[in-house]
Amino acid sequence: MSAAVRARALGLDVAVVDEQAAPGGQVWRGVERSTALGRSEALGPDYAAGARLAAAFRASGAKYLGDTRVWQVEPGFRVYTCHQNLVEILAAKTLVIATGAIERSAPFPGWTLPGVLTVGAAQILLKGCGQIPDVPIWIAGSGPLVLLYANQLLDVGGRVAGILSTAPPVNRRVALRHLGPALACWEDLLKGVRWVSRLRTSGVPVVRGVSEIEALGDSRVEAIRFRTLAGGERTVPTGMLLLHEGIVPDIQISLALGCRHEWDEAQQCFVPTVDEWGQTSIAGAFVAGDGGGIGGVRAACAGGEVAALGCAYTLGRLSLTAARQSADRLRRARARALAIRPFLDALYRPRRQVALPADEIVVCRCEEVTAGEIRAAARAGAGDPNQVKAFTRCGMGPCLGRICGITASSIIADAAGRLMTETGLFRVRPPLRPITLAQLASIEEREVAA
Amino acid sequence: MTSYDLDAVVIGGGLHGLSAALHIAREGRKVVVLERACVGRHASGASAAGVRTLGRAPQELALSLEAKHMWHAIGGLVGDDCGFHAHGQIRVAETEAEVAQLEQRLALTQSLGYRHEELIDRAELRRLVPALSHHCLAALLVRDDGAADPHRTLLAFRRSVQQVGAEIREGQGVDAIERQGDRWAVRAGAARYVAPFVVNAAGAWAGRIAVMVGDDIPIGTKASMMIVTERVGHVISPVLGAVGRLFSFKQTDKGTLLIGGGRQGTFDLDRESGTVNLLELAIAARTACELFPAVGDIRIARVWAGLEAKTSDLVPVIGPSPRAAGVIHVFGFSGHGFQLVPVTGAVVADFVVRGRTDRPVGALTAERLMAHRAAA
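Residue numbers (the numbering used here), protein chains in the order written: chain Y, 102 to 551; chain L, 592 to 967.
Be a bit skeptical, because a hint or two may be false.
Label pairs and their calculated CB-CB ranges [stated by the list, open to error]:
{"no.": "1", "chain 1": "L", "residue 1": "823", "chain 2": "Y", "residue 2": "192", "range": "26 to 36 Å"}
{"no.": "2", "chain 1": "Y", "residue 1": "187", "chain 2": "L", "residue 2": "595", "range": "54 to 64 Å"}
{"no.": "3", "chain 1": "Y", "residue 1": "382", "chain 2": "L", "residue 2": "870", "range": "51 to 61 Å"}
{"no.": "4", "chain 1": "Y", "residue 1": "374", "chain 2": "L", "residue 2": "594", "range": "50 to 60 Å"}
{"no.": "5", "chain 1": "Y", "residue 1": "231", "chain 2": "L", "residue 2": "860", "range": "33 to 43 Å"}
{"no.": "6", "chain 1": "L", "residue 1": "871", "chain 2": "Y", "residue 2": "187", "range": "33 to 43 Å"}
Here are some, though not all, of the chain L residues that point toward chain Y, as calculated from beta-carbon distances under 10 Å [said to hold, decoys possible]:
{"no.": "7", "residue": "661"}
{"no.": "8", "residue": "664"}
{"no.": "9", "residue": "761"}
{"no.": "10", "residue": "764"}
{"no.": "11", "residue": "774"}
{"no.": "12", "residue": "778"}
{"no.": "13", "residue": "836"}
{"no.": "14", "residue": "845"}
{"no.": "15", "residue": "847"}
{"no.": "16", "residue": "867"}
{"no.": "17", "residue": "869"}
{"no.": "18", "residue": "889"}
{"no.": "19", "residue": "894"}
{"no.": "20", "residue": "895"}
Every beta carbon over 12 Å from chain Y, so not counted as near; a handful from chain L, in silico [as the list claims (entries may be wrong)]:
{"no.": "21", "residue": "592"}
{"no.": "22", "residue": "620"}
{"no.": "23", "residue": "635"}
{"no.": "24", "residue": "650"}
{"no.": "25", "residue": "706"}
{"no.": "26", "residue": "724"}
{"no.": "27", "residue": "734"}
{"no.": "28", "residue": "741"}
{"no.": "29", "residue": "742"}
{"no.": "30", "residue": "767"}
{"no.": "31", "residue": "824"}
{"no.": "32", "residue": "866"}
{"no.": "33", "residue": "878"}
{"no.": "34", "residue": "887"}
{"no.": "35", "residue": "961"}
What the hints contain is simulated information worked out from the structure, not anything from laboratory work.
By construction, the Cβ of each residue, glycine as well, lies at the ideal position given by its N, Cα and C atoms.
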């Protein structure tokens, strides 16, 4: 939204393709409806800021294509979309990829049992249709979203049986080193402190340093077994387990375009390589928001505006001097918003088990391929993810390796003794989102935006 | 620079290169496979894996029939059935004119003395493929043709090559090939492989390898596109093609539908990549929906384009270089090389071990293409 509003202000012709039916993305999901219903105040001042941006976006004159999936993007640029049953190709000279983040896949024994969800999925159900789990839930994992969701759930009358914090204890010591710069984001830190204390006052037990989590049950989850910091084994009964091990950039489009990517060691994910405008290695293709590295909402908004300035400059609608002048303030705002990241990245760095699950654990749930099979294929062959895919069918299912990709590459890199950047990911094959044969059959060229 | 002494160097870790290495190594010769990327990276890994004698050009038909016998006993060659099933291959006619074409084709193969193809009528066609649109009139059928699983086939050949003691070196792109006395020195990075025989099985890049030994063989490139869908219930058993369309349609063991037929994407040989042309691929999807009215709502899982070499007469080059003694070319399969895999390696081994072959490859020489160039 930020990129579109700024681009429109610069006089560019803009179309925004959004998988969701209304503007807001993940953070501000359903923000217009919540505001209309008078619920946004209850959701806090951050949500009100989203309402203001959504209103500005609606008024900007950008063409909004909601409920529309992008299933392929080609250099040049051609964006293949699908809305209900209608397939259209949009042509544009510049492109801003603002696809945000997805949850990091963290396979563990029993993760495919019914009753085991990710925190992100549960939050979508909460924000999207007010769904509250009818049983007390356990949450396992680490990251701000664990605390945020637990608080949101308590606010609406849900019950949290307990939290199993999986962040390794060493994280706190490392994170402390980054606390100084993070103080610039004291409001964010304060928010986190409030979330933690709210859980404490509500009597939610938090078990720290948990590892070797296992969801037990026959046809659905009935209990959770885990190892405590002291080394003992504990089992707790539960009807629902939510898991979250942080978020990673959604880079399917930048991968499909062939943009250069690199491994970000601090955030444990692949990110597109970008310049000061957020421009990728492919001229005219920009990335804004968490899709270029996890930075949070304020950094995303500033980055979106910078990308819009970059587009205008690329299109010859703005001089370099003018673009730089406008970008200056935005870049400072973005840098301020990012000051907390090294602290958060260190505090919530996922434990080794997340990236390198034990042999018997299913990593690719579409094709039911285990970590052990991936390891064996990596050792037998050249240690290339695409070859492992051909050998094992890992990543060949309907999710196209979107979910298991990083885990598979981590296992392969570890088994072959290579770096993540060298190892890379599965090659991205269209369609990026499922389309049917009839929908593909219906495509014809129609230029909608410039 | 490390130097290795061998009997043969195979350039290209696709199925034809692996088959050549397997047959050579089984004759007790020391052989290495040099693969620039990883085994099966291009055409072999992107193949629809049709095992088809149906409709083959007369120049390669006898060889193809020998290959079919080998497929029916493929477990004996590579210790795995490679997912091969002989559910038949069918080529349907949608118009009277196309029926006439099928009749002509049948007359041609019968005049050459072959009896493997049969013409079936509408009723038999409907019995064999109930999901097919009723407008189809007749079809040519080979009942004991079929299809395999390309990845299982790659794994089986790869494992067999390694078991017989031949080495597969992945990530070894060939930089130069030089004559050294009566042997060839193949340079790949910091290594040098010296052998009296060099097998050029470099697929889309085979023309470049040929130039390194002084052969100027004009070849084109294909970037044939494929669609694979999600897994669905039973739709079809045989592999189906159509006379009047670039189309092939089959269902894998996993239940996914595989749609190909040679619609072309774009390619970049230097970047070693093929790119899908979606407007062109939409035509294949339309054909699928027209011939199989029930498949429209099935979701596509992936689409891709695989790179390989194409010759001007669309049959491969299998045989020794006319000038460079000890070099054997095996490439240019032009979109239908998979079925020939087991037999091409045997032909190559004939040349390496005995200096000649009795197999019918006389019409597949490199000279035929080089003469074209001289005439042009």
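Now the hints, each set against the structure:
1. Between residue 823/L and residue 192/Y, the C-beta spacing of about 34 Å keeps the proposed range 26 to 36 Å intact.
2. Between residue 187/Y and residue 595/L the beta carbon distance is about 59 Å. The supplied range of 54 to 64 Å therefore holds.
3. Checked against the hint of 51 to 61 Å, the C-beta distance between residue 382/Y and residue 870/L comes to roughly 26 Å, which is inconsistent with it.
4. A hinted range of 50 to 60 Å for the beta carbons of residue 374/Y and residue 594/L is inconsistent with their spacing of about 39 Å.
5. Look at residue 231/Y against residue 860/L: about 56 Å separates their beta carbons, and that is not inside 33 to 43 Å.
6. For residue 871/L and residue 187/Y, the hinted distance range of 33 to 43 Å is not satisfied, since their beta carbons lie about 20 Å from each other.
7. Hint status for residue 661/L relative to chain Y: violated, with the closest Cβ pair at about 23 Å, above 10 Å.
8. Proximity of residue 664/L to chain Y is violated relative to the hint, the smallest CB-CB distance being about 24 Å (cut-off 10 Å).
9. Because the smallest distance between the Cβ of residue 761/L and any Cβ of chain Y comes to about 4 Å, under 10 Å, the interface hint for this residue holds.
10. The beta carbon of residue 764/L comes no nearer than 13 Å to any beta carbon in chain Y, farther than 10 Å, and the hint placing it at the interface is violated.
11. A hinted interface residue such as residue 774/L counts as satisfied when its beta carbon comes closer than 10 Å to some beta carbon of chain Y; here the least separation is about 28 Å, so the hint is violated.
12. Because the beta carbon of residue 778/L sits about 20 Å from the nearest beta carbon in chain Y, more than 10 Å, this interface hint is broken.
13. Look at residue 836/L: its Cβ only gets to about 13 Å from chain Y, farther than 10 Å, so that hint breaks.
14. Interface restraint check: residue 845/L against chain Y, minimum CB-CB distance 8 Å, threshold 10 Å, status holds.
15. Using the Cβ-Cβ criterion of 10 Å, the hint placing residue 847/L at the interface with chain Y is satisfied: the shortest such distance is roughly 9 Å.
16. Given hint, residue 867/L at the interface with chain Y, holds; its Cβ is 6 Å from that chain's nearest Cβ, closer than 10 Å.
17. Annotation: interface hint on residue 869/L holds; nearest CB of chain Y at approximately 6 Å, less than 10 Å.
18. The interface hint given for residue 889/L holds, since its Cβ lies 6 Å from the closest Cβ of chain Y, which is under the 10 Å cut-off.
19. Below 10 Å, beta-carbon pairs count as interface contacts, and residue 894/L has one with chain Y at about 5 Å; its hint therefore holds.
20. Proximity of residue 895/L to chain Y holds as hinted, the smallest CB-CB distance being about 5 Å (cut-off 10 Å).
21. Every CB of chain Y is more than 12 Å from the CB of residue 592/L (nearest about 22 Å), matching its label as outside the interface.
22. Distance to chain Y confirms residue 620/L as a non-interface residue, since its nearest Cβ pair spans about 24 Å, more than 12 Å.
23. For residue 635/L, the condition that its CB be more than 12 Å from all CB atoms of chain Y is violated, with the nearest at approximately 9 Å.
24. Separation of residue 650/L from chain Y is adequate, the least Cβ-Cβ distance of about 31 Å exceeding the 12 Å criterion.
25. At roughly 37 Å, the least C-beta separation between residue 706/L and chain Y is larger than 12 Å, which holds for a residue marked as non-interface.
26. Listed as outside the interface, residue 724/L is consistent with that label: its C-beta sits roughly 14 Å from the nearest C-beta of chain Y, beyond the 12 Å cut-off.
27. Here residue 734/L stays apart from chain Y, with its beta-carbon at least about 28 Å from theirs, past the 12 Å limit.
28. Annotated as non-interface, residue 741/L brings its C-beta within 12 Å of a C-beta of chain Y; the closest such distance is 8 Å.
29. Listed as outside the interface, residue 742/L is inconsistent with that label: its C-beta sits roughly 5 Å from the nearest C-beta of chain Y, within the 12 Å cut-off.
30. Every CB of chain Y is more than 12 Å from the CB of residue 767/L (nearest about 23 Å), matching its label as outside the interface.
31. With a least CB separation of 15 Å from chain Y, residue 824/L remains clear of the 12 Å interface cut-off, as annotated.
32. Distance check for residue 866/L against chain Y: the nearest CB is about 8 Å away, which does not clear 12 Å, and the non-interface claim fails.
33. A beta-carbon of chain Y comes within 12 Å of the beta-carbon of residue 878/L; the shortest separation is about 8 Å.
34. Listed as a non-interface residue, residue 887/L fails to keep its Cβ farther than 12 Å from every Cβ of chain Y; the least gap is roughly 3 Å.
35. At roughly 34 Å from the closest C-beta of chain Y, the C-beta of residue 961/L stays outside 12 Å, upholding its exclusion from the interface.
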